[in-house]
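K.L.:
Sequence:
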Amino acid sequence: MVNEQVLTVSLEEFGLSKYEAQAYVALIAKGTISASELAYYSEIPRTKIYPTLLKLENKKLVIISKSKPIMCTAIAPEDAFDGIIHEQINKVNAMNTLISNLKKASEESRKSRGSEEKRYFHLSANNVLTQLQTMIEGSKTSIKIMTDQWGFGLLSECKEQLLSVLRRNLDVKILVSPNQICSESYRVIPDGVEIRASEITQNSFIFDETELLMINNDNGKGAIFSSTDILAGNQEKIFSNIWKNAIKTKALADMTKTEAQEIYKIIKTVNDSGLMYMLNSSMISKKPEADMFKLLEKNGISLKTKSLDDIIEIMDAVMQITCSGHVNFEANTKNITIESKLNSGHSLPWVSVLDGCLQKQGYKTRTVYQNNSNKGEKVHIKISKN
Numbered sequence: 007m008v009n010e011q012v013l014t015v016s017l018e019e020f021g022l023s024k025y026e027a028q029a030y031v032a033l034i035a036k037g038t039i040s041a042s043e044l045a046y047y048s049e050i051p052r053t054k055i056y057p058t059l060l061k062l063e064n065k066k067l068v069i070i071s072k073s074k075p076i077m078c079t080a081i082a083p084e085d086a087f088d089g090i091i092h093e094q095i096n097k098v099n100a101m102n103t104l105i106s107n108l109k110k111a112s113e114e115s116r117k118s119r120g121s122e123e124k125r126y127f128h129l130s131a132n133n134v135l136t137q138l139q140t141m142i143e144g145s146k147t148s149i150k151i152m153t154d155q156w157g158f159g160l161l162s163e164c165k166e167q168l169l170s171v172l173r174r175n176l177d178v179k180i181l182v183s184p185n186q187i188c189s190e191s192y193r194v195i196p197d198g199v200e201i202r203a204s205e206i207t208q209n210s211f212i213f214d215e216t217e218l219l220m221i222n223n224d225n226g227k228g229a230i231f232s233s234t235d236i237l238a239g240n241q242e243k244i245f246s247n248i249w250k251n252a253i254k255t256k257a258l259a260d261m262t263k264t265e266a267q268e269i270y271k272i273i274k275t276v277n278d279s280g281l282m283y284m285l286n287s288s289m290i291s292k293k294p295e296a297d298m299f300k301l302l303e304k305n306g307i308s309l310k311t312k313s314l315d316d317i318i319e320i321m322d323a324v325m326q327i328t329c330s331g332h333v334n335f336e337a338n339t340k341n342i343t344i345e346s347k348l349n350s351g352h353s354l355p356w357v358s359v360l361d362g363c364l365q366k367q368g369y370k371t372r373t374v375y376q377n378n379s380n381k382g383e384k385v386h387i388k389i390s391k392n
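Everything in the sequence shown is counted per this note's numbering, starting at 7 for the first residue and increasing by one.
None of these hints come from the bench; they were simulated from the model.
Wrong hints could be hidden among the right ones.
Label pairs and their computed distance ranges (CB to CB) [as the list claims (entries may be wrong)]:
1. 9 with 71: 22 to 32 Å
2. 249 with 367: 30 to 40 Å
3. 232 with 19: 32 to 42 Å
4. 85 with 222: 21 to 31 Å
5. 277 with 367: 19 to 29 Å
6. 146 with 380: 47 to 57 Å
7. 73 with 52: 14 to 24 Å
8. 340 with 380: 24 to 34 Å
Simulated pairs of lysine-lysine, PhoX-like, Cα-Cα distance not exceeding 25 Å [stated by the list, open to error]:
9. 250 with 74
10. 271 with 254
11. 271 with 312
12. 97 with 24
13. 254 with 381
14. 65 with 24
15. 366 with 300
16. 271 with 310
17. 250 with 271
18. 391 with 312
19. 300 with 370
20. 300 with 274
21. 165 with 179
22. 179 with 72
23. 250 with 312
24. 391 with 310
25. 388 with 310
26. 61 with 72
27. 310 with 263
28. 165 with 72
29. 61 with 74
30. 274 with 227
31. 384 with 347
Remember, it's a predicted structure, so these values are computed and weren't measured experimentally.
C-beta: ideal position from N, C-alpha, C; glycine also.
I would like the entire structure built from these sequences, with the hints used as guidance.
P.N.:
Have a look at this one:
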């Protein structure tokens, strides 16, 4: 059976007093009864029963007889509350209209002040991966990603979606933190995705330069900013600036993680400090090449125990990454050629490092530099044993 107490409370929410609600529920349950019986069943004081019935009659919820004893009957709910229901509906509609008008007034006010509301959507940690896969597959022109170790692991679970967009010739670029070069996640990313390394502190995924997904690596939650020209544009600029100075990783793809990390560290050390170190060394030292060796050792990089073949392989990878060049060793002529597609001395720091390595291993070197403004530059190092 329906709980009469619950019905009473619900009727009070429709605007009836407590006594009115109790009386109406009792009449619905008992049918036509006398006023004294109603007072008994509804637990309303006898002194209050007649005023309560008169109020219910005025609200057209009960019928009171003119005879004595007074008999009272509840009007059927579907008839009694039809007017009240329509009144409530009208109130709700009026409230919705009011809210819509207030919202329009707020938006017009913001526009007049030069501001406009934009929306974003929260994602729970459980839904982030599915949403990321959906957004990758739905991209039309480009995907640009900055991701730390946590985000890169998430991205490695999107291999099928990345393959799908690569078949459509989308431009896909990823910036990863250095410790992810040649990691397990790195090796999952399909060929055709260009990966560079830099110091990354956020997980930002830019799709078609208009949609932005950001993920919090502390709790795994995400937020989608859709068609936000300013925010996506700012993230695009941040990405482009970091990308321009980031270190290419393609030449490292077939190496072990340890080898790749070592080469990254060599490049980062020389790029950050090499030029100033060489200038200082040229003023105080007769052998700046050897001093470049000291710079690397000072930063925890030791090449003196490596074989000549190993050093050539390392420097070849360095030249591919920094100058789109190569290092070739001709065993018969004992001639090492360093080629760079960039000119204006881009290869010279690496020539200095290689020359220093050779001298540390007991080789005597003679260096010849050639510059061709159209084709880059070339350096020949002739080696012989001391």
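K.L.:
Decide, hint by hint, whether the structure agrees.
P.N.:
For each hint, the structure was consulted:
no., hint, verdict
1, 9 with 71: 22 to 32 Å, "30 Å, holds"
2, 249 with 367: 30 to 40 Å, "37 Å, holds"
3, 232 with 19: 32 to 42 Å, "40 Å, holds"
4, 85 with 222: 21 to 31 Å, "57 Å, violated"
5, 277 with 367: 19 to 29 Å, "24 Å, holds"
6, 146 with 380: 47 to 57 Å, "38 Å, violated"
7, 73 with 52: 14 to 24 Å, "19 Å, holds"
8, 340 with 380: 24 to 34 Å, "29 Å, holds"
9, 250 with 74, "98 Å, violated"
10, 271 with 254, "13 Å, holds"
11, 271 with 312, "16 Å, holds"
12, 97 with 24, "23 Å, holds"
13, 254 with 381, "21 Å, holds"
14, 65 with 24, "15 Å, holds"
15, 366 with 300, "11 Å, holds"
16, 271 with 310, "16 Å, holds"
17, 250 with 271, "18 Å, holds"
18, 391 with 312, "17 Å, holds"
19, 300 with 370, "19 Å, holds"
20, 300 with 274, "15 Å, holds"
21, 165 with 179, "14 Å, holds"
22, 179 with 72, "89 Å, violated"
23, 250 with 312, "32 Å, violated"
24, 391 with 310, "16 Å, holds"
25, 388 with 310, "19 Å, holds"
26, 61 with 72, "16 Å, holds"
27, 310 with 263, "20 Å, holds"
28, 165 with 72, "84 Å, violated"
29, 61 with 74, "19 Å, holds"
30, 274 with 227, "33 Å, violated"
31, 384 with 347, "9 Å, holds"
Hints 4, 6, 9, 22, 23, 28, 30, counting from the list given before, are not met by this structure.
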